[in-house]
Amino acid sequence: TAGGTSGTQTGTTNSTGAAPDTSLKTALQTDIATFDPDNNFEVAGLGAILAVYQGLVAYGPGTTKIQGLLAKSWTVSPDGLTYTFTLRDGVKFGSGKSMTSADVKASFERRMSSKFVLNYFLAGVASMQTPAPNLFVVKLKSPEPGLLDSFCSPWGPKIVGPDGLGTHKAGDQSAAWLTDHADGTGPFLLSSFVRGQGYKFDRNPNYWGEKPAMSSVSAKIVPDIGQQVLQVQNGDLDLVQHGYPFTQLASLPAGLQVEAYDDLGLEMAFINPTRNLKSAAQRTKVKAGLNPAGWINDAFGKYATPAKSLYPSAMLTPAKPYQWPTASSVADVAVPPLEIGYAAGEAGVQQRVADLLISQLGSVGIKATARSLSDAEPSNFAKNLNKAPDIFLAQNNPDSADPGSQAGLFYTTGGGLNIFGYSNPAADKLFATANATVDIGKRNALYDQGAQLIFDDGGFVPLADVKDVIVHRGGLKNFGTKPGVPWNVDFGTITR
Amino acid sequence: MKRFLLLRLAGLVGVLVVMTAVVFVLRQLLPADPARAAVGPNAPESVVAAKRVELGLDQPLYLQFGRYLDHLFLHGDLGQSSRTSRPVGGDIIGALPASLELVVAAVLVAIVIGLVLALGELLLPWAKPIRWILLAGASAPIFLTGLLGLLLLWFKWHLLPGGGRSGLADAPTGPTGFLTVDSLLAGRPLLAWDAVQHLALPALTLGLPMGVAVGRALWSSLLGTMRQDYVRTARSKGLTEGQVVRRHALRNSAAAPLSMAGLQIGLILANLLIVERIFAWPGIGLYTVQSLGTDDLTAVLGVALVTGAAYIVINALVDLAQAVADPRVSL
Amino acid sequence: MAAARRPGRESARSLSSPMSVIEVSGPIRLDSRNYKGYGLAMTREQARLAPNPGLPGAQRSLPAFAAGGRPSGDGPALVVRDLTVTMHRDGQTNHPLKGLDLTIGRGEIVALVGESGSGKSTLGLAIQGLLPAESRPQTTGSIVLDDIEVVGAPERTLRQLRRTQLGSVFQDPMTSLNPTMTIGRQLREVMGGDGDPAKWLERVGIGEPVGKLRAYPHELSGGQRQRIMIAIAMCRRPVLVVADEPTTALDVTVQARVLELIRELRDQTGTAFLFVTHDLSVAASIADRIAVLYAGRLAEIGDVTQVMNAPAHPYTAALLEARFTIGVTKDRPLPTLPAAAGEPEQGCLFAPRCLLVTAECTKVTPELAPISQHAGAAACLHTEKVSAELWTRVADAWPADPPTRTDTPVVKVDNLSKVYHRRGTHDLTRALDGVELSVDEGECVALVGESGSGKSTLLRIIAGLVLPTVGSVAVTEKQPQMVYQDASASLTPWLSIGELVGERLRHKVSGQTKLDRATRQKLIGEALARVGLDPCAARLRPHQLSGGQRQRVAVARAVVVPPRLLLCDEPVSAMDVSLAASILNLLESLRRELRMAVLFVTHDLAAARFVADRIVVMQDGRIVESGPSDQIVRDPRHAYTRELLASMPEHGPVTA
Amino acid sequence: MTLPAGAVKLARRPVPSLVRSSHSGRVRWGDRIALGALLLVTLLAAFGPLLAPDDPNARVGAAFQAPSAGHLFGTDDIGRDVFTRVLSGIALTWLPGLTIIAGGVIVGGIVGLLSGAFGGWIDTVLQRLTDLFLVLPATLIAIAVVAALGPGLVNSVVAVSVFWWPWYSRIMRGEIKTLAARPHVEAARLAGASRLRLLTRYLLPGAVPAMVVAATLDVANVVLVLALFSFLGLGAPAPSPELGAMSARSLESLTTAWWLPIVPAVVIFLLAFAANVAGDGVRRMLQSV
Ligand SMILES: Nc1ncnc2c1ncn2[C@@H]1O[C@H](COP(=O)(O)OP(=O)(O)OP(=O)(O)O)[C@@H](O)[C@H]1O
Ligand SMILES: Nc1ncnc2c1ncn2[C@@H]1O[C@H](COP(=O)(O)OP(=O)(O)OP(=O)(O)O)[C@@H](O)[C@H]1O
Ligand SMILES: [Mg+2]
Ligand SMILES: [Mg+2]
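Taken in order, these protein sequences are the chains called U, D, C and S.
Take 319 as the starting number for the first sequence in my numbering and just add one per residue.
Take 7 as the starting number for the second sequence in my numbering and just add one per residue.
Take 1015 as the starting number for the third sequence in my numbering and just add one per residue.
Take 189 as the starting number for the fourth sequence in my numbering and just add one per residue.
It should be emphasised that the hints constitute simulated quantities derived from the structure, not laboratory data.
Positions of the beta carbon are idealized from the N, C-alpha and C atoms, including for glycine.
Keep in mind that the hints are not guaranteed to be accurate.
[Said to hold, decoys possible] The calculated label-pair distances, taken between Cβ atoms and stated as ranges, are:
| hint | chain 1 | residue 1 | chain 2 | residue 2 | range |
| --- | --- | --- | --- | --- | --- |
| 1 | C | Ser-1130 | D | Gly-230 | 51 to 59 Å |
| 2 | S | Ile-221 | C | Pro-1384 | 58 to 66 Å |
| 3 | S | Ile-221 | C | Glu-1169 | 44 to 52 Å |
| 4 | D | Gly-230 | S | Ala-257 | 37 to 45 Å |
| 5 | U | Lys-701 | D | Gly-230 | 55 to 63 Å |
| 6 | S | Phe-235 | U | Lys-701 | 56 to 64 Å |
| 7 | S | Pro-393 | D | Val-335 | 52 to 60 Å |
| 8 | U | Lys-620 | D | Leu-63 | 41 to 49 Å |
| 9 | D | Gly-96 | S | Ile-221 | 39 to 47 Å |
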């Protein structure tokens, strides 16, 4: 990482005085729409929710290895249908009440209610039992090798305390109350939630684990990234968690440091096979024009590497490198002017990529224009593919580090984010086999092969593994970042 | 007067219905799927379908429209936001005071600028440069004035705070929702001062174009008024030029600048989107931007209706003000 | 005199009630002749040598005010010496006043008469220091008001003067009061702390004064507003009030009452008046002295009766003869002055229009000098040749006989009523109430009545511009044409005269075929010539013409295809005498020539009698009296007609 | 006594020309310059791209080069020449702006003309319609409309135009109403002028100055609103060198490469400023303020 250790920097902020500052000031570009762990599907506020709520298992720091969290250990029945979790002892909610398997069950039941957006995480659950206060059993309808991964997902099931579930039930399963209040087992308590302005978190006195170094964390809303940049330079913020412009990383003002880490968001081009790019030859020509080697440095500097496969590097390493066509090798087919769409959410980044691609496509004789699209727009492309753009650029995060979630979401026929309705029966078959395979190595090989087929066909084009970048005022360590939790640091582990 | 109020009320309802219809049509045209927006990109299609049913989007458009109107006019209910899963009405009420405070401050700024511009030009021959400075201010795109102001006054010179409503914690959420007023009511003048400082730059950015527009309107109608016979009468009474303007010309020149102010309020409402974003001001502008960003159309429609209603009310007030200014105008 | 006045003034300060002041000061009637010597016999040369003759302590200024004492100079109220004003407009430099000398004694009323553009208003404004700044006025000479020099005085002094020494009443009462301020505040603004506004309202004859203080100007009638203007002008008991045509916009009856009020107040307070008017009759009825202004110079000045009886300047004589008084003969046109045609470079400015012009006149500029006719002075080289009948011989008989009247009416109005709704209220205005009227072929009917009596409404209904509420109008086949009061408003500014006049030729002219362009041009030229305009005028635009010329264009448009009925809505009431006379002559001669019937609206009985065969008197939307014009004038039946007649300012000699 | 032709000689009065202020009587050079600037901008918008040294979408060098002789306004974040882009960008802001104004003037003018000239139920209907559009927060709704129709220059222009005409309709109707009540129009009616002639010769020309003044003063507003649109990403798609979008997307570089956000914003500013000054000038000329 570029940040590394920096012992030289000592308390530069003027207001701190001698004692080490134990509060952390960070910012969010958008509001946390809802603090309800069963309803929030956003990326930006994940760190805050994960500082308050915890699941049974989680990925370890910096890895995609599954570790116990509120569950000490677990067993999976040979048929892959029964999961038995042994809960950690002494876990208490922020309210001081102890956690039992009943709370876990109640939380899971809430999560399964159709009222909550994230209920699909538990769609495969057949039943749950609590044979003992520290034992929780989940029975599935059919085997789900990716279940534990999905439990590790930042959006996976979280355990909500009895205050949240009982006291404030009010006939709506506490949906109203939990929108801006919280009752979790995490290292922090949500102490203030002011929509539009910001959030404050104070150390949870009842936390079961190691006490966080920060006594409090404040996250204010600064919608404009330019403002966040100025504020971190000015000392009004300790760090910018996400979105610091890549173009400025090379020449940071003195005192600012960079911490970079991998996440699961692969920069990718979705190709619309129905409109202007019907033939594989055309798609191959476009692929040559998209080759990241030519522009990746201009877009991301040293904070990205050309994608190795249709999976983020942190998820899977391909057995053999992908073959990029070159401008000279492609067949001379006519490609009409193309329209590139890109996700508005990270407009700054995607716009530059689009601009660079337009320029590079131009060099293989393809004209293109680009426009930004709202988040929910791509999901409607399938309705009229002839009106949809030809290429869609985005960096989407799958729910978990399981390659199955990536393949299922994007590449499989009917996948949730298979926005152009791409269908490759051969690949579908490989993915289906993989989904039912329990052996990790075999599974991954199958996913890899399927993706190779799709790449060769030009259905999806992986562009870059882009690092997540944190810019901070120095002196911050132990960010606790994980590939599976993009854009966010771990408030519980961070130290100064 | 009663007639005026009744007419305006009827107009208000009519316009709200039309606006709702317009937004409903727009929603049909909009490429984004509201159900998808409500469940996030990663959710499987089954979840989206369920949401669609829950939101009533599977029903024919006229039924949706009827239901919306029914909720709006009979229950004052603007629907539920897909982003915050809370009632849009509540969200707006939460965000409104901040915007209102900003708009009020901006209008005050605009009035001051307008008066300085018009009266300066009229009474002080040496005040010509003011006009050029203000004209320049009105010609600058609002994002430029906002950002340059922020860059210089906050980042470079540390004269003003750099965004948000207050730098201090535990601000009172008191009765008016206006931080300046509430802090004073809570007996915390320091906090009020802090709030004023936070308010200064965004209000100036927002108020400048309106100030110049109003000032120009005032100036040109003052020029006309100053040629009126009654101004000559006033002069013949031996009043100073200042007295003539203050007592006789100003009120008689109020109509045009008031209309202009009414018109400019609309522009201020649009500019709120940018200014609140730049200055991290937690009002409805920011709310709208974030809702737009997540395709939360119910929220956007709600904001449009509320601001539309506010705009109509403001313009009714403008008419009232014109009637107050000129006894010959009857409502 | 001054000594006699002083006690009254002093006591004004010591007594709280203005009413008591009146009693103490008593009526003061000043004999203007006391001041006759001032300046009248002094040439400009002399004035230059002795800039402030006979003015002890002139140039004295503010300290007297500062000390709190009311200034009470012993000199005349106003002394104007060699006043020249230069102003700029539209890139042109005008000299509205060219070396003017004028003195007004304390408590004296001097009427300033002269045709439009002669500089009357400019003088009034110059005295007040209120010349419009945007015209970049340059003033030389001297204006001494109550022993204080106005020309070149700092703005502060001028303001102080205007506040305490000067009052002013302007022409249009409808626009001279601030519409958004209550009457009370506007009065109090001048009075300051002392004085009771209500008392003053009472004094200028406004009933219910306390209630009216809270009223806004638009809630009052024109006459009431002018009374309030007078109250504002007088309440500080100024030394001089400049009244610029204060009654021109008022009805005759109201005018008579306002004139009376002015005289009364002058008698009570001893305030002098510079009374600007273009109506010699008004001047005669109110003034002590009269000053005749021509092109920025005094033509003649003297006692009002003397000047009216024996004018010593040809211009004065012309003005007097152009008056259409109630007794003027209808047998021949009114004598008029030839239209102005630019100012000569040197010599007498009146020379180009003068009957008595000699070669000398075009070289020597005549100075104001004593003359034989009266005790005043005149600026003419040939005063001895001037007599009251000087211009009479100019007027020949009418060129044609009056049209033969037949009994077939060109318009017949039956039981006509018109009701207007006041906007935003449920109030109704009965503009017309059961009017019966018919105008026979070739007849000229004058419609007289006070403002708001429905005259214009009737005309507009006949023209088909407004629909009646009840009743019927029968008009013979051709569309009646109309001539309006305000000529410039009735001509479209961006169209050429030719296009305006030719409009009627474009459409269904008598013959059914459309006229070609050349014929149209010819007809337009003929029409212009008929109204006495150069046919080249067809290429000009209205603003390039003078007011009288514009009215001629309006008439030309009406008669380019002679209508059976011509409607005239006060076509001359905004004009000065000689212009008005020439337009009346034109209308009458056209009527005779083209054999039209004319319905002529006016509020001036004299004009009505001159043009009309029959006079119809209207009041409150009803016809109250109707009959042959001479009979109506000689033997009015209705009380209202009698009041109208009595209100006419009929003073001075009447040319028979 | 018929006066012979020529008896009354015409004392010709000076014709006030357009480019002369009525109160000072002097030609205002400032106003002429402002009008000239307006013309220049329009020419620049039309022909600017021809003057540009490079292709606006080509990467001509390293990114983030500061202004220099080679690249007058430097290069942008992917190495395109900013000067070229700005030159091409003027057209994208200015011409749509003029289009919107023209559309507003034409549509609003026709509506106002009909409304004012015919009165009656036509007036009532058109006025209610105008009122409806006037009471809507125009810019806000236009933003929503563009968001719905999809971003793009054409959609922006359409959406803004939809809300831009009512103002002109108001002005036109007001002018026509006052004109129609003036005696000269009445006189023309009495003279038998046809309805069409009344409209075109007697009413319309009288309303032209007010409309021209309103339109020139409005150019700056439209330019700024369009800049706002492109700032919000609702304008022409990338890589079109739209000024607002250029500024918006490089705002984050304000402290590191100031010329990227500032140059296009300043150009917008100059366009609006020229329009504002010219508007004031035109008003002075036509309304003798
Ligand atoms: N502001 C001005 N700038 C330049 N010239 C002016 C100005 N006002 C008046 N004049 C000129 O001065 C002359 C006298 O004008 P003034 O208004 O004093 O005449 P008047 O006698 O009051 O006429 P009227 O009877 O029409 O009121 C006219 O020729 C007029 O053109
Ligand atoms: N268009 C209108 N709407 C409402 N009331 C009107 C209208 N026109 C005239 N009136 C009213 O009708 C009455 C008669 O007006 P009209 O203009 O006919 O009077 P007039 O005798 O011509 O007066 P003047 O001598 O002032 O011209 C007045 O009380 C006037 O206020
Ligand atoms: Mg005058
Ligand atoms: Mg009338």
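Here is what the structure says about each hint:
no. : hint                                  : in the structure
1   : Ser-1130/C with Gly-230/D: 51 to 59 Å : violated (24 Å)
2   : Ile-221/S with Pro-1384/C: 58 to 66 Å : holds (60 Å)
3   : Ile-221/S with Glu-1169/C: 44 to 52 Å : violated (34 Å)
4   : Gly-230/D with Ala-257/S: 37 to 45 Å  : violated (52 Å)
5   : Lys-701/U with Gly-230/D: 55 to 63 Å  : holds (58 Å)
6   : Phe-235/S with Lys-701/U: 56 to 64 Å  : violated (43 Å)
7   : Pro-393/S with Val-335/D: 52 to 60 Å  : violated (30 Å)
8   : Lys-620/U with Leu-63/D: 41 to 49 Å   : holds (46 Å)
9   : Gly-96/D with Ile-221/S: 39 to 47 Å   : violated (55 Å)
In the structure shown, a violation is registered for the earlier hints numbered 1, 3, 4, 6, 7 and 9, in ascending order.
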